[in-house]
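Residue numbers (the working numbering), protein chains in the order written: chain A, 1 to 358; chain B, 1 to 511.
You may find that some hints are simply not true.
Below 20 Å or equal to it, Euclidean Cα-Cα: the simulated DMTMM-like pairs (lysine to aspartate or glutamate) are [to be verified]:
#1 B:K35 with A:E97
#2 B:K291 with B:E264
#3 A:K299 with B:D82
#4 B:K491 with A:E97
#5 B:K342 with B:D421
Which residues of chain B face chain A? A few of them, derived with a C-beta cut under 7 Å, are [unchecked claim]:
#6 A49
#7 Y309
#8 F454
#9 K487
Simulated from the structure, these hints should not be mistaken for laboratory data.
Using N, Cα and C, we set each Cβ at its ideal position, and we do this for glycine too.
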Amino acid sequence: MDVVVPTFADQLSQGLFLALFLLLGLAWSLNLAWVLTKDEAYARRARQVLRFALVFNVGALIHRWASAGHAPWANQYESATMVAFGVVLLYSVFEREAKVALLGLLVLPAAMVAIAAASLLPQEYKRIGPLMPALQSPWLKIHVSLMLISYGAFASTFGLSLLYLIRSGAWTRKTTWAALPIAGGLAGWFFGYVHSKVNSGLWDWLMQRLGSTIPTQDADAVKALLICAAAGLLLGLVAAAVLQLLPQRLMELVPAADTLDELNYRSVAIGFPLLTLGIILGAIWGHLAWGRYWGWDPKETWAFISWLIFAFFLHMRIFGGWDGRKVAWVGLIGAGSIVFTYWGVNFLLSGLHAYAKP
Amino acid sequence: MSLEITKGPPALDIPAPPVAKGKVEALLLSMGSFKLTLSLFGLLGLLAAIGTFLPQGQESSRIVDLYGQRVFDWVDALGFTDIYRSAWFILVLALMALNLIMVTWVRVPHVWRISREADSVSLKDPLVPKTAFTRTWESDLEPGEALDRVRTVLQTEFPKLAHKSGPRRRVVVGERNFVSLWSAHIVHLGLLLLLTAGVVKVMFGSNRQVVIKEGETASVPVDGLKWGLWLDHVKAGPLDIPLPRFYQHVEGVAPFQLGLEHFEVRYYPGTGAPSLFRSDLRVYKDSQVEKVASVKVNDPLEQDGLMLYQASWGYEGLYSANFTVELPGYKDALDIHAPYQKRIKLLDTGWELEVTDFYPTAAMAGPGKLVNDGDQLGNPAIRVRFWQRGVERAHTWFVFSMPDIQMSKVPGLTLKGKTVDPIAFTVLEANYDPGLWFAIFGSFFVVLGVFSAFYLFHRKAWVAVEPSLIPGGGCRVTLAGFVRRNKVAFKRVFDRLSEGVDKALADRQGD
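Okay, chain B solo, but in the shape it has when bound (with noise of 0.2 Å):
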């Protein structure tokens, strides 16, 4: 007995490209290029990368303290900030996608023919691809024994089998997971269908913001479509390149209004870390209450085709406000709940105070100038004003972290802030995307294709007998295995095959 084993490089499975026929073909095909495949992968990274480490869309001012004016100038003018939305970005995509339907187009017909030669047994040389495990055996037995001997080793791994006889070979198949030969197409229509997903949500979407208050009721802004003709102009460098677009958004609102009922923050206990972050909600349509829903941080609310999500949230205004004034000529301090924006008496003593402003979070921005630094309650400040028998004496801030420091210019006016009841405002994202099935199919198609591509192993083995060309010899018997990938795996089964094909050819020998 001969014994051989030929161990290849990693199997090569690209079809020669087709001819072009004409100037505009060989450039489609050229767009189904490797190599272009490949440059768009690098182009495509470093473009997604340069967008991390630059501040993007609106921050895109701070490139500026960051790098200098110089930096921001050139930034700026290679669109990098917003390089996500910019020319280049969307170019690479659009290449990106028609790169992944040319290759389709090409290679698809070659997968297909070979899904079609699946179960039909080629008796021509070679036998086999040159990449495949290969043993061969001269055997006493008659072509036809053997034959049936090593076929029942063959169905160990492969249940089913072809069989296909010739005028001198006898050949058996056995092929499993030829599915899986679908794989990588199966991902690039799964990534085509996510970038149509973005381009549907681009043109036809909407993602707007609504602000509301707490006791309000507001608009819900969904943009619309319009269709005509307007020119672009497109920045790409030093250049300004006007393109023609069919359509344009127009700001409309959706057929029912919000109003927020109340906001609720919840701590864990003992600790300043939120637990919760709630929006009470009221959705109206045509003035009347259609239903009370509330939405959370990954609870959003589904409303006439919009999705609403909890975005942000903050302080604008008071219920009311709790401090203690102190008033020339008084001993007693008074402790004081005041309404937001009303005017009230301090008992008799002929003066009168108004809460006009509210800082949540003051801060100083120069000597004796106060700023509102943020919408959440973090130092928050009032100003109130005060009236004596009618007359406006006082106009002032008070900060309730530094009660100390006093900013009347009225002597023994002072106020100490305590408590604060402030107005919540919610924000809410009303969301409308009509791309969302693309993008579920498109993942559903990328994750199916990725996974068959490298756990359902395709992977063919032939047996074929032929009589021996030794004079007086019975026959021939080669087994030969290939896969595309997981040789590793792969040659445990072959060395499993070869094992039985030993034994199955002893034992006849041996009877």
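In isolation and in its complexed conformation, chain A is listed as follows (with noise of 0.2 Å):
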């Protein structure tokens, strides 16, 4: 395999990215600070690191657009930088708005993960590259940050749908116990599984330690995707754990159950439009690029999906007389179909839109 060498602007880019991964996580902190001790310097702290960020986030992506003369989403690398966008962007007009102390620990995560986790992409992912053909369109400007937004906003619902069923009781301990380690080991399968598509330096290593040959037989990449998925289920058991630890009183911070659901009604507000209208853009750029408006391609199809359970969100919420815990669940899924659009559809299935790599 070629040893790909980063040039200086690979490195000026990836290192604001991971400056904006670390400032993330001091406001995460400090919201933290925030809610364990309800002192309001460390909320205003929070803010102030959160507004430099988003300056921070957009200094970093004028500079891969400068660099790469083209817009910085046209993999999933880049693409990373403006869904944290999205989601800081979105977020902070929650917390401007709802001053829910508890958000931003659920919602921030959102943000982080999207960078880490394409911060560890090998680093053929992540180098600054020209753009291919299809790409060369002034479409995607508009339609890739207009979904990529639109992810930001659903990062804040699933926060506000998690809040909720917290709030009014339909997640329980239990629930904890059983969701986190299912999360985590499927997260941990599916990183797995991802590093093994993009033949990582992570996947490598644990390779080496299974003492694999080359090439690589299924029975060793099973096995090393067994150990993936035990290490999230382990990491997930951990978090449950911890969370038992936090004191029952944080329960104060959370807003009441009608202002969570009112606020979460409005987070898909902001999503669902912008998601409409990304698909349709979308749709219009297929037609002038390969003469299709709509092909069933599999991320269209995941994008539709997404589409349709949060209609079903909305049609239950005003019409149905659903309460807001199934609304709630039926955010969460929403929530994990746009993961699934944003990440699986491009390691999972196969398609046009098979951007990710470089």
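Both chains are given apart, each in its own frame, so use the hints to dock them into the complex.
Written out as structure tokens, the structure is:
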């Protein structure tokens, strides 16, 4: 395998994204301090750091744009920073209005995970590269950015749905013990699967530890994936155990269920129109580039499935008379579908939207 | 002064379903039921998701490799090997269309009634929906004076007010964005248009590919429509249902021909990353060049109602090949520039050769068995026929990337490839879509409906003033506000109005 040597611009760009990750981590820590101490000074600091992170994020995107000569969301790595921007921007809007202390603890990790997961990809996936002919279109700037920002809005839906379920008592300690290890196990397996696909250094290291021969044997790969899933499951168990230690008084910080329900609706009210517009503009681009506006390509299909889930969410909330709990569960499923649309489709399914690779 | 704020659950705005007058009408009305809408959401999402995990269409044979023959048999029997064209899927889409039509049929009159009532003012009890915010004041003011005061407050949020007076109660109503009451139906209309676009495209459209080699001309296939009666056999699980069809596609050709002058592939400097794919074409009509045009990815060509898109490309055949040959009995290797499929003499050696075949991407399919594995220039190989003094001596493949492997059985005869100049071909998608305008308007209405639903909040506020029931009192002022969505934001508006009314009534009392 050829060794890809990053240029100075690559290193600077990756350094900026790493710094962004650290800034978001700092904002998250300040949020945690606010939650634990109820000291508003931490909240103010957290907001200041977050505002700075937003500006920093814009700066990192501009640098990448200038270096690449095209909108910096042409592959998985670049798109992660745009998703982070969407998450932080829309979370800031909600935080400013709702002042829900715990929300940041749930939402900001979405941006951090997006950046971290993309940063762990091999160098050839991260370097600044030219634009392939299929992406040489002004629609790249509009369609992709709208889709990615809508994903950011749905990160708030995830946080608010989860908070609602906690507040309403639908999410119990048992749910935490069950959900976090399962989610961790699935995430671990997917993490391993992605790294096996991209032949990352991490995967090579794991295979070496298993004493695997080259080419990799299927049995060794399955063993490695099981190890990844087990590691994820273990992390989920640890996270569940840590959450059990949190004092019950934190519940006082969670707003009333009605308020959360309304905010949850508003997060969808931002994400859903953006998702709708993004899908429609993508269809126009598809018509201009491929001669068809809809072709049931996996990416299109999963964006449509996410759209259906949130349309279901809205119908049930407005007309269906469902209580907030059921609606919040649908919100969580919708957020899961968005994650699959964004990451899962790129690595698990093939199609015309396979732009994760360089 | 007494204060009261009530806050109810989210508004329910479904009219009672009309009473059906017969079985057919009952069936039609059930097609517009909310439960069916939700079921179709689920079913459509499920079928769409299945289609992303199972290889579709021509690739469906891969299911056997992935999941085994038994699973494939089931998947095939259910029509899931081409799920987006299966009877199941089309049935779900048809039900979705019917559901949208019936929902509109049932609910539009209701919304129409609400819209018509927008400017009227109800003096009946209950004055406002149960789910509204309300607040009540007892004031010493005369009712008329109080109404004048609070009207100005209401005008700060609702520039246009409607008034009505009854025997006891006088009411002022403000309302904004009642257009948004139509939002859901605008979205439904858009979705119906998009479904119509799909049907029109499948029935009346054409989507064919044309392959043209450099230097050649090709006709462009176009599907036409022929009316008549045919029977289709639709597989739905174990059932084989005969269905009549009144049209059939017939293949025709476009009124022009395309010649590929040159196919250009460019790469970013210093990389193997392509920067451009371009087909340089000549459009012929009646054997005359009508125009010269190019088609690029993202930049199609429109010709006689057909849109031509750059779909794919590759290599087939050669212009020429460059290589070196060592002949038996000769010390020096010869540098050869050989035109494709043309016999050439090798100086005065008595030898001749002809490059007869070309593989752009050669691969070994077994011992000594060479096959072509693609139409991109991956691993070129040429097959060369040799003659010595008119007698054929060898007809052998030579792989450029493996100069050490010589398959010739003639001792001393070797060939080492240098470069090839292959002939490119382009694959263009020729598309005719008469449903495009349905899709454009459908998309427009979906976006318009969704955005107006979320960002044009229908909101309404009432102020009712009536003589106080308290003996000797002035009047009772009731402020009410109602929204269907975004209660958090409206609560702030309502609080502002409440403070305004507070101030207006208090100022008067202080005079």
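Tested hints:
Restraint check for K35 of chain B and E97 of chain A: not satisfied, since their Cα atoms lie roughly 35 Å apart, outside the 20 Å limit. A C-alpha spacing of about 19 Å is found between K291 of chain B and E264 of chain B, which places the hinted pair at or below 20 Å, so the restraint holds. Distance check on the hinted pair: K299 of chain A and D82 of chain B sit about 17 Å apart at the alpha-carbon level, within 20 Å; holds. Taking the CA atoms of K491 of chain B and E97 of chain A, the gap is near 13 Å; set against the 20 Å cutoff, the hint holds.
In summary, the hint linking K342 of chain B to D421 of chain B is supported, as the alpha carbons are separated by about 15 Å, within the 20 Å threshold. A hinted interface residue such as A49 of chain B counts as satisfied when its beta carbon comes closer than 7 Å to some beta carbon of chain A; here the least separation is about 6 Å, so the hint holds. Interface restraint check: Y309 of chain B against chain A, minimum CB-CB distance 4 Å, threshold 7 Å, status holds. The closest approach between the C-beta of F454 of chain B and any C-beta of chain A is roughly 4 Å, which is under the 7 Å cut-off, so the hint is satisfied.
A distance limit of 7 Å between C-beta atoms decides the matter here; for K487 of chain B the minimum to chain A is near 6 Å, and the interface restraint holds.
The structure fails to meet hint 1 from the earlier list, while all remaining hints are met.
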